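Participant: So the sequence lines, in the order shown, correspond to chains L and C. Going by this note's numbering, the first sequence opens with residue 84, and the numbers climb by one from there. Going by this note's numbering, the second sequence opens with residue 84, and the numbers climb by one from there.
Hints are computed from structural coordinates only; laboratory data are not their basis. Treat each hint with caution, since some may be false.
It does not matter which identical chain is meant; a pair holds if it fits inside one copy or across any two.
As the list claims (entries may be wrong) - Straight-line C-alpha distance at most 27 Å; calculated DSS-like pairs for lysine-lysine:
1) 581 x 214
2) 104 x 129
3) 629 x 160
4) 149 x 567
5) 517 x 707
6) 347 x 517
7) 268 x 564
8) 125 x 163
9) 104 x 160
10) 417 x 567
This one's a predicted model, so the numbers in the text were calculated from it and none came from an experiment.
Number of protein chains: 2
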Amino acid sequence: MKRYKVIFQPAGRRGEIEEGKTLLEAAQALGVDIEAVCGGKKVCGKCKVRIEEGYFEKDNIDSGMKHLSPITEDELKHIKPEDGPNIRLACSAEIRGEVKVFVPERSRAGKQVVRKAARELNIGLEPAVKKYNIELKEPTLHEMTTGDVERVLRFMADTYGLRDLTFDYTALRDLQDTLRRGGWKATVTVWMDREIIKVEPEFVDPLYGLAVDIGTTTVVGYLCDLNTGRVINTESMMNPQVPYGEDVMSRITYAMTHPDGLEKMQRAIIDGLNEIIKNITADLRTNGRDGGSAIVDMTVVFNTAMHHIFLGLNPEYIGRSPFIPGVQDPLDIKARDLGIHIAPGAYVHILPIEAGFVGADNVGVLIAEEPYNQDEIMLIIDIGTNGELLLGNRQRICSTSCATGPAFEGAQIKFGMRAAPGAIEKVRIDPETKECYYKVIGKADWHTHLQEVNAKGICGSGIIDAVAEMFKAGIIDRTGKFVKGIESPRVRLGSDGKPEYVLAWAEETSIGTDITITQADVRALQLAKAALYAGAKLLMKRMGLKGIDRVVLAGAFGSYIDRESALTLGMFPDCPVDRVYAVGNAAGDGARMALLNVDKRREARERARWVEFVEIAVEPDFEKEFMQAMHIPHMKDPFPNLKTLLKERNVPVEVKG
Amino acid sequence: MKRYKVIFQPAGRRGEIEEGKTLLEAAQALGVDIEAVCGGKKVCGKCKVRIEEGYFEKDNIDSGMKHLSPITEDELKHIKPEDGPNIRLACSAEIRGEVKVFVPERSRAGKQVVRKAARELNIGLEPAVKKYNIELKEPTLHEMTTGDVERVLRFMADTYGLRDLTFDYTALRDLQDTLRRGGWKATVTVWMDREIIKVEPEFVDPLYGLAVDIGTTTVVGYLCDLNTGRVINTESMMNPQVPYGEDVMSRITYAMTHPDGLEKMQRAIIDGLNEIIKNITADLRTNGRDGGSAIVDMTVVFNTAMHHIFLGLNPEYIGRSPFIPGVQDPLDIKARDLGIHIAPGAYVHILPIEAGFVGADNVGVLIAEEPYNQDEIMLIIDIGTNGELLLGNRQRICSTSCATGPAFEGAQIKFGMRAAPGAIEKVRIDPETKECYYKVIGKADWHTHLQEVNAKGICGSGIIDAVAEMFKAGIIDRTGKFVKGIESPRVRLGSDGKPEYVLAWAEETSIGTDITITQADVRALQLAKAALYAGAKLLMKRMGLKGIDRVVLAGAFGSYIDRESALTLGMFPDCPVDRVYAVGNAAGDGARMALLNVDKRREARERARWVEFVEIAVEPDFEKEFMQAMHIPHMKDPFPNLKTLLKERNVPVEVKG
């Protein structure tokens, strides 16, 4: 039976699929979630996918379409003009050649694995918005006539001491009917003790805010109860800008090369946010009213490029020297001016950015971790699609941005994939036999050769583990080159004539082919880790620091990498392994803190300016440091007690052999 | 030949037109301006009109359509779906029965006679918006990177001492490209020393603002040069809300009885304003950019109902007791929030209103005339579709609103029409012969029986003149009743069996019928003038005033009425005739003053609250005063030297036969 390569975007999963299988079957085999309510019976029409231009042979859309069975009458019934061009039902299109398929957000069934759950924050509540109950006397003809607005303002001044309040236009527009509907009882939402942004009939207590972390790849929203500080609901999605470019630079390029590129990408992220808002407030919907309007405050963090595109600012100038951002300071923008469907009078608070490449997300990390309140020297590493570093203590903090590339996210790696079910996330290699054990996302146990696990690829933490283990097992040397003459079926020459290591045999996978780590993969990882290491070293030099007391790994990815593997590889300067810890999505934590407490906004504004940004690419030692950092440090004990370790982790070591 | 009644809206003109004439010919005969670039050759398609539902016989649209020749193929070529239903070309539709026709704004050729020209104002310039030139150093990689926004703000603080400025979101969005396009030279427009609302490349001087007076019937815009204070251009149009109701109360009713009534009317006035903005800035358009964006400030005055509808506030509550407005204080609303096409960062300043029925237009009159800076007791009468009164001096000023009805505007009068070409605007009657002379708008000379003048109706000032003259000539008595037994062909019984006076014989008119003043017309005028008079009297009583030093007639109408006729009729309490004067569109003057000088805005805010609003309808004496005011005061010399007067006015008195 013939097999063809099939790629699914934006998940980035691929595999060789038998001719005649449907795209839905292919997606299921590759772990791509496509909604199919009817179970593939061709009746629900939910599994719409877009056929992208040919991927492998640069064939155009037409020939791409020929790689699928012709469109059927049944499909045509479900496809509407607003779906756009080249739409097929995944359940109906059969594979007849290589295809690249894009799965629109609305057709995605499950969530990708978003490792951005919210941790408990220990922070006092002082939100920017507050609710006040008011109760007015019904006006009569014989009292001096006064407008409804003036009556509300007088009550607020007399009862709550809030003078000089202004009225948002949209709040004012509904005021008359609202007051009368509530029998002259109402609830007024005030922003920053300055402006009335919403008026609701009768007395209403709940007070909701939304903290948003817009990553290059993933967007997460945290719906918070501003009365308790608790996260009520979390929603996430793939950043809908992914089709315009996988990384920051390709999106900047897209904006520069397409006249409406910026507008399209801004529209995409705003629409995406509105989708999140709709879903996250589904339970708040009452009386047929849009649940989003219950949200009266919002904070957002993102990197500088996402920040600019979100605001509709031309990202061109942050993409080239001298890397000048449009705006650095925090902003408060009316939600309606951005087209965001929360309460129309509400503001969106944009956290400040530090410099051209160190964004509001890093400021989020900064206010969440507060290195400026510590005596110890902290190195905070936030690894997303880019790597950002913060180094210092209460005396001084420097920051920089490292061009790690997307290797840590599984991109540019032959079998790399995002952290999603089926991805190999942890690896151990026996230095004697060169055999390996691995763990796959979605499975509880470690894998041995006897089990069927349907591995589909390898994600960032798995790659770090694999390369560190390959070094410790003597498969690669400290320059990253494969050691010659190793006798193991797992070490072989790949189709490119270069050595590779087989992590999983074809029969253990669902993609029908061996999953390997190639020489090129090792190089890509070395480049990424060298960028981080050199960045940290140059910051230390600049600040005259000899050592680091603590390393904080921020970002979802940081929570999943193995600290020992990271130290083995030399991702960051030496530090006792028990002083390395992960804090999860600290950028999102910062966004939540700014939502819950206005003092944190002030702190963010001040500290964003106080932190010294260092453009390491222009440091004279940059190249030298970078080249040195490519090496893998020699560990004293390259393989500390493997068997005990595996046992601890519930790996059936005895079975081996 | 059969003749049919034809009515044109919104002009309100009507006449009997021969069967077979086209609507364009009918319009021309009745003095209604319809654009017909091709001269009626059926090729330009400019003369589109909408056939309204039947007017006389309550017939529906279908039967209304049967009162015209069938639609032709030629017409169908020009009519597009966006024109809406029931559209015909006036040049092609022939009259076969009674019809009511609406002439859309875009099909109107000429302007109606807008008596709202701007007078010179003597006022210092202190506009709310100012322009500042800035020149930044081009940023380099080696200086501390700073955002464009922060660089502009630092320059404004260092150079102009303007600290704590904020940036409007739309101004911020374009900043980066603007700075670079201008080679780091730019012009910044600042509102109220607080907010940057616009940034233009290079150095730009011109500074434009728009003052708008939204009347129930007419909308006027004055484009002002804020560097000189001069009016550069004036544009006016019929208020596009007229189709929803001719007067304030009918529009309030429309809003209450139609679910989308308020929204439709708000849309109509905003669209109308955008039309005015487009036309008034036609000469400012440069580089294909929308001229409207050159306008960086705007002030608006209107009555309370127009104010509410403009803002999208429910007007229901100002239409019924206790007449509570939604908001009284002045407002500054972003133009974009209202959908107004001036600079998107600009504010629209809404002048404050005084009370439920005394609107921002009256506040405009107040700050233009400044009675609060006078020792003399002033009575300011602003007659629009409603009548508003201000009475007092620097000690105290009271205001009220009088339900005059629309008689002063020519409505509810048998041959009444708006002030437009063909309207009889001045009348003199010889007390001996009862013969009359009149002047028609659009003709330079007074009419005598020997001339052809094509009179079409009688406008407000003509009605006042006619009734005053009828009284002075002894045709009606001081109760307003026709005196019995007068021997004159002009005094006769009308078709309703009640007496009437013939002002113009059919052959002098273009409507083919005698123009008369009926007993009912006299009554309507008495009611209107009694409302005004009683209002003034009750204010005087309330304030303990015995007399008035000056009477100021504000409003376009006030400029055209004959002061002696007004005194004869007793439109307002006695005052020496030379202390009665007209000031034109004082409401519009006030809007312009607020545009040119922020002190006037402060004055408006303070004085609007300081003026005491008196609800005269609830005064115990109201009914009694009103009944007394119905009478026409007895004049000592009812006919002072007519011949000299006529000679002075160039009327050929000798010819009279």
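Participant: Which numbered hints does this structure break?
Facilitator: Hints 1, 3, 4, 5, 6, 7 and 10 are the ones this structure does not satisfy, whereas the remaining hints hold.
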